Amino acid sequence: MGEMYDPKTGTTKCIAAWQQRYGRVIPIFCFWDPVLIVTDPAIVREITVKNFNTWADRYLLGHGDMEQQIIKKGVFFAEGASWKRIRRIMTPTFSSTKLKQLTYHINLTSGRLAQKLRDLAVAGRPANAKNCFGAFALDVICGTAFGLDTNSLQNRDVPFMKHAQSLLSFDRYVQMRLTIVGLFPWIGKIFQMFNIGFFKNRDVCFFKENIMALIKDRKENDTGHKVADFLQLLLNAEASDEEDIKEEERKLTTEEITAQGIIFIMAGYETSSSLLQFLSYELARNQEVQEKLAQEIQSALGETEPTYYNVKTLKYMEAVINETLRMYPPVVSLTRQAEVDTVINGRTVPAGTGVLIPVANLGRDPEFFPDPHVFRPERFLEKSKENASPLTFLPFGYGPRACIGLRVAMMEAKIALVHILRIVRVTSATPEHLELEEYTGVLVPKDPIQLNLQVVP
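Going by the working numbering, 341 is the number at position 337 of the sequence shown; the sequence numbering is gapless.
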């Protein structure tokens, strides 16, 4: 098509402009790689569900050479038979029975978060949304995944907090490495030899060493009492020494369990903190939504402690969360890669071609969501074309490779909101005009969101 991507414009705006000119299937080159941008829900369904086996793996710039070896064993990045095996083993870990056991840690941390926000309100100081919700998200992960009480809400200097922030801080050096590998793919092999990747080695090594130490401690000090956390559930699925069996029948190795632990931190920290900071920003701008939400909490729960089951009754809250995710999806795009030659929309697609499904564009497409820039949770309560197709609302992906942590993420957000809105209100927020950055594929505000709070009388 002869058009260049303009980084100053941003990916979402560029794709919207291209869609207007060229339709809902747009062929581009990502450096040297052929990629199709797809915003047609029928074709999205074809890729993510109907023809899933052709598109099971993610398309990654550098074709996996930019991820450290331990990271590539995580369920998000794993490929082929290895991904299918890991996903199959992990799925029972996220059952309703298992998730309801995690509410103790989530309630403990949510109560601390609400108290932190109350203290800031009493002191007349604004809350840095990312700092508060980031510490909350990390504490929830450490509690539910590893049985650790980090309490980084009170002490931001804890090593887990520092390394989690650093792990997911994508500076200009990350951009530089991505650009180099995009222009000169062979350099990715050299980077991999020296274990130079998308994520900082010091942070990856920190979490690898600490999670392995936790695993070792659990094995050496097995008292028979099993802790109810994700790590223990994965240890229960650990492989024995006899591994002379088919790939699909193998259990998890110690290194694979460690990799899932790192993925829990990566996925849970950024997505949960992002959701809560953007949601709080919209509550500040839409006071009537905030009050309706607080009234629903009082009406449905009173002063009862939130649980896995009773927060499911909060339908308006779920609509508020979904509307936030529609407007501000933490991950702006899904990617897939063709395993074999295939056909999309009458177009022959060679094996190795990438597909990019822009979640942010689908969520703000006026054809699917009228007045897309208006925060209106009711659109997720009404039976209309706005919620007729799940293929236009994809913050957690779709199909067999959808986010495995969807239900725990929703439960975490709901329990946090119950605790927060029982004692404080967000009265206003800055910046006045929210500018977003998305160059790493993760949506972040250009300027930190600051929340002004008031204690509930």
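Since the hints were made in silico from the structure, they are not lab data.
Computed from a predicted structure; not experimentally measured.
Worth double-checking, as some hints may not be accurate.
[What the hints assert, rightly or not] Cross-link-like lysine-lysine pairs, in silico, BS3-like; alpha carbons within 27 Å at most:
no., residue 1, residue 2
1, Lys166, Lys212
2, Lys193, Lys76
3, Lys166, Lys88
4, Lys319, Lys296
5, Lys54, Lys204
6, Lys296, Lys76
7, Lys88, Lys212
8, Lys212, Lys255
9, Lys102, Lys88
10, Lys193, Lys220
11, Lys255, Lys134
Going through the hints against the structure:
1. Lys166 with Lys212: Roughly 15 Å between the alpha carbons, so the hint for Lys166 and Lys212 holds.
2. Lys193 with Lys76: Satisfied, since the Cα-Cα distance of roughly 14 Å is no more than 27 Å.
3. Lys166 with Lys88: Answer violated: Lys166 to Lys88 is near 33 Å, above 27 Å.
4. Lys319 with Lys296: 11 Å, holds
5. Lys54 with Lys204: 37 Å, violated
6. Lys296 with Lys76: 44 Å, violated
7. Lys88 with Lys212: Distance of about 23 Å is within 27 Å: holds.
8. Lys212 with Lys255: Measuring from Cα to Cα gives roughly 19 Å; hence the hint holds.
9. Lys102 with Lys88: 21 Å, holds
10. Lys193 with Lys220: With Cα atoms ~32 Å apart, Lys193 and Lys220 exceed 27 Å; violated.
11. Lys255 with Lys134: Violated. Lys255 to Lys134 sits at ~37 Å, over the 27 Å cutoff.
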